[in-house]
Amino acid sequence: MIPSSFDYTAPSSLDEALKLLHDLGDDAKILAGGHSLIPMMKLRFAEPEHLIDLNNIPGLSYLKIEGGMLKIGAMTREVETEESVEVAVHFPIFADVAKLIADPQVRNFGTLGGNLAHGDAANDQPAVMLALNASVEIAGLDGRRTVGIDDFFYGFYSTAVQEGEILTEILIPIPTGRSGNAYHKVERKVGDYATGGVAVHLELDEQGICTKAGIGLTNVNPTPLRAVRSEAALVGTSLDVDAIASAAQYASEDCNPSSDLRGDIDYKRHIIRAVTKKMINKAKQRAFKN
Amino acid sequence: MIQCKTSKEISGMGHSMKRKEDDRFIHGKGNYTDDVKLPGTLYMDIVRSPYAYAKIKNIDSSEALKIPGVLAVVTGKDLEQYNLHWMPTLMSDTQMVLPVDTVMYQAQEVAAVIATEKYIARDAREAVKVEYEVMKPVVDPFKSLDADAPILRTDKPDKKDNHIWHWEVGQKEETEKIFQEAEVTVKEQMHIPRIHVASIETCGCVASYDKVDNHLTMYMTTQAPHAIRTVFALVAGHVGLTEEKIRVISPDIGGGFGGKVPVYPGYVIAIAASFLIGKPVKWIEDRSENLQADSFARDYHITAELAGTKDGKILATRMKVLADHGYTDASANPSKFPTGMFSIGTGSYDYPNAFMEADAVYTNKPPGGVAYRCSFRVTEAVHAIERITDRFALEIGKDPAALRFQNFIKKEQFPYHSPTGWEYDSGDYEAGLKLAMKGVDYDNLRIEQAEKRKKGELMGIGLSTFTEIVGAGPSKDFDILGIKMFDSAEIRVHPTGKAIARFGTKSQGQGHETTYAQIIAEELGIPAKDIQIEEGDTDTAPYGLGTYASRSTPTAGAAAVMAARKLRDKAKKIAAYLLEVSEDDLEWEPGKFSVKGAPEKSKTIQEIIFASYTNHPQGMEAGFEATHYYDPPNLTFPSGAYICVVDIDSDTFEIKVRRFVAIDDAGHIINPMIAQGQVHGGLTQGIAPAMYEELIYDDDGNILNGTLMDYLVPTAVESPSWETGHTVTPSPHHPIGAKGIGESPTVGAPPAIANAIVDALKPYGITHLDIPITPYKIFKALKEKGVLDKNIVES
Ligand SMILES: Cc1cc2nc3c(=O)[nH]c(=O)nc-3n(C[C@H](O)[C@H](O)[C@H](O)COP(=O)(O)OP(=O)(O)OC[C@H]3O[C@@H](n4cnc5c(N)ncnc54)[C@H](O)[C@@H]3O)c2cc1C
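Heads up: the protein sequence lines correspond to chains A and B, in order.
When you line the first sequence up against the working numbering, it's residues 57 to 346, in that order.
When you line the second sequence up against the working numbering, it's residues 174 to 968, in that order.
These are computed hints drawn from the structure, not numbers from a lab.
Some clues are possibly wrong.
Reference listing, derived: stretches of chain A covered by chain B, where coverage requires no fewer than 3 residues with Cβ under 8 Å from a Cβ of chain B [stated by the list, open to error]:
| # | segment |
| --- | --- |
| 1 | 58-71 |
| 2 | 237-247 |
| 3 | 321-335 |
What the simulated footprint calls covered on chain B by chain A, stretch by stretch (three residues with Cβ under 8 Å from a Cβ of chain A suffice, anywhere in the stretch; the number is not a length) [what the hints assert, rightly or not]:
| # | segment |
| --- | --- |
| 4 | 876-883 |
| 5 | 943-952 |
The beta-carbon is built from N, C-alpha and C at its ideal position, and this holds for glycine as well.
Taking the hints into account, I'd like the entire structure generated from these sequences.
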């Protein structure tokens, strides 16, 4: 478990980092928490010649509520969203998901930006961001741009973050009315990637009718997957048993899991159906408590 | 409760004294093999085969040798020149050190790179180019004896198939007859999965050969330093490394569990490299190498059968095993039976007839067959007997606890002669199960379960009432390369009353530095804190066979008692001399001799020891030292009654172990806290194969879960809050009535969990599931039965 040799720089400003990234081209990789990148380097699946460490750059780690948005700096550690009381008011889903990501050591170091930028459908935050309808701010030498989460994931380990760019912020709209959200994944043991995971975010009107539904699925598709038919099956309903059952059924039909040691396709569809049902119920319960 | 004969100051048996070794470990001052740093050390890394079965066409080291800092690339052909390319196994089979022409399993050693730094060695490893001609491997043991299966051991000229050995024991005809006539028979095919000890510290060594003195010092992760020294001398004696020229040092060990008993090729290659280059060579495996190439455990396919009456009396069992040994039989088994203690398979139950047989075969998998935290193959036997007993209870509709009470060997029947030839020393199985049932509130749990079943909820209760067989072992049945399985203790007490004691065993976390001191404290009354314990250096410790199979307390612990008693006899003579009375007039209490009827006339043990150096009687040898080699008259038979309660999510089939009550009987307990710690660790290693661990191979012999990402070692999160307790039934033949505790939980826990899960699924008609039982496996079983989305509600 020894990586091939590489160079290392830890710039102290974002501009410096962007410049380095530009100069070094695709021989360089960004190092955030390192908990996806370094294991891959140790297995020699990734052999970057240069690492640009973002950890010394001030101002990339924060949680703030501003202009109706929850803003999360790219270098914010998983543990911070897990423990933030402010975040928990609207987004108890962050405590759900963080507890299921690896173990405390990984969460103390792994960043939210890295979790998305890694572009791995097995990571848990992507499904959560889909459910919450987040957007992502990306900086390059020519300035910043914002990308909606539905346009962010391109493919296996590939995202909208282009060569020479750095993900800087995640933006999540704060619901105004009654809302609830929840995440669960089935895993073989603590620290495992999901056999299947489901993030659900619901917004309800005063009558308890669902006005918005976001459902994201983990590790059952080459990219993180939005369960479009399931969302549609909920909006406009009172989240009755039948609506929930069809949403769960659609999710299980629309995902594209592959067969591996965690289970075959049938099993994963079964899991997605069961967990979708459970998470809609849990999000609904939370919405009614609000 | 445990009665202590000594004060807390002395801390003999029964005191929960804190572990002496923990200061060192907690402060990060443990000294492991990788901490050994010798000047001029070179580093070794190993090129491994990506294929399970292949001919080596060519090994091209040229690019690797160009890397600055690379000194050598060692291949099988190099070792062949010294006749070091093969080595013997403990089972009189042979194992490659490095292959000359054929690799037999994926991750097998192919060549070794020696470099000045470990980083360089790893880069060079990548640069060695090996050309293979891939062959179709034998992976499925059931197909290994097919007529068209390739014969794997072509190195053995007489070998015409892949069969290694056949073994059987018991009453074949009588058992056959009982099965033909019995009212009820049950049968299940079981697989006890191939698993790995996955200790935190991987294996490794520093081989340091001094060319001038022709002397080898070998620092290595071994549970049996003396036996290893003898093995090395047997392998390398012909190149001049005879036994007096070899010193094996086993520093602190980060978990052994049987995985550090074997001699791995890496050790031998490191020695060869150090021998040739004349510098220390360090080899430390990484995690994947450890998991993929080092000895596996278990891998028994068992057909288990049981015959009995309709009202629950067990009449006989029959077991047939197919053992997958990989490409050589390298089992770490010192008994004269190729299946080790598998024949304990009648368990805690009393019936006159049983028949067990086994066949072992070669496949293209790594060799091994270590006794992972158990006495050679007892875990396999216990799983089969406890599962098939539950299966029988299910068949006749009897409560599994009631069935066990009906069939237990009774307390009065000990020493009990089992139909497969063992003499159980002592036991009280009823007491254990009663205590466990009380602890878990068994009757109410069954009521709760009935309620839940009416609502379609899945809850299961599983029992395991097992008998262990530990302390190898009596010289009539046990040896390693002819060396009998005694163990040893040497006690040296200094003039000031403090002592050092050395042993032939080697702790890997069991707490010997504390428990051995407590045993000596019990016998001599010297405070345990004043007794330093040392193990693991063959130049200083007396010869012993090492630590595994829960043997340390039964053998070396007994040796400590016997050596201490020799010293107490000497002390008595000195006390009589000092007090000017006859020995018969003296009375012993821990720490001093006093004159009967005149307690004010006494001598403390410290005074006596001082006198042994300063004022000993004429004609008596000076000093206060004793050594004992203990050959146990029998094995010891600890037992346990375990009850597990599980809840299974009826949608996702996620399994939660709600409760686990473990009542152990290990005879007299030396240190209750350490014993409890051993039980906690052992139970966790019991849920491991029951719910998580299995080494999985595809049809081409590729390991599919060769890293800890997919080889699922449970953690504290998966562990329930263990509820432990014990009954005390001393071993009648052990000098302090102790039996051994370290392994019982690993042996006894898996069937309790499996039985609980199968019990939860009873309404769905499931009668057996192979471990590890995962949510996915439950899903598949229900799907196969066509009951997947049926919510079965019991009325
Ligand atoms: C044992 C273990 C178990 C794990 N289990 C889980 C799990 O269950 N669920 C889960 O979601 N994750 C899991 N992870 C992954 C963990 O959450 C990672 O921390 C996370 O995926 C990546 O975040 P990081 O900050 O560590 O990124 P790094 O590893 O530093 O980087 C990952 C990738 O993203 C790029 N990158 C990082 N930050 C940026 C940025 N700001 N801009 C542009 N590119 C960037 C890097 O160049 C690299 O390619 C696990 C990790 C380990 C070691």
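- [ ] If any of the earlier hints don't hold here, list their numbers in rising order.
- [x] none
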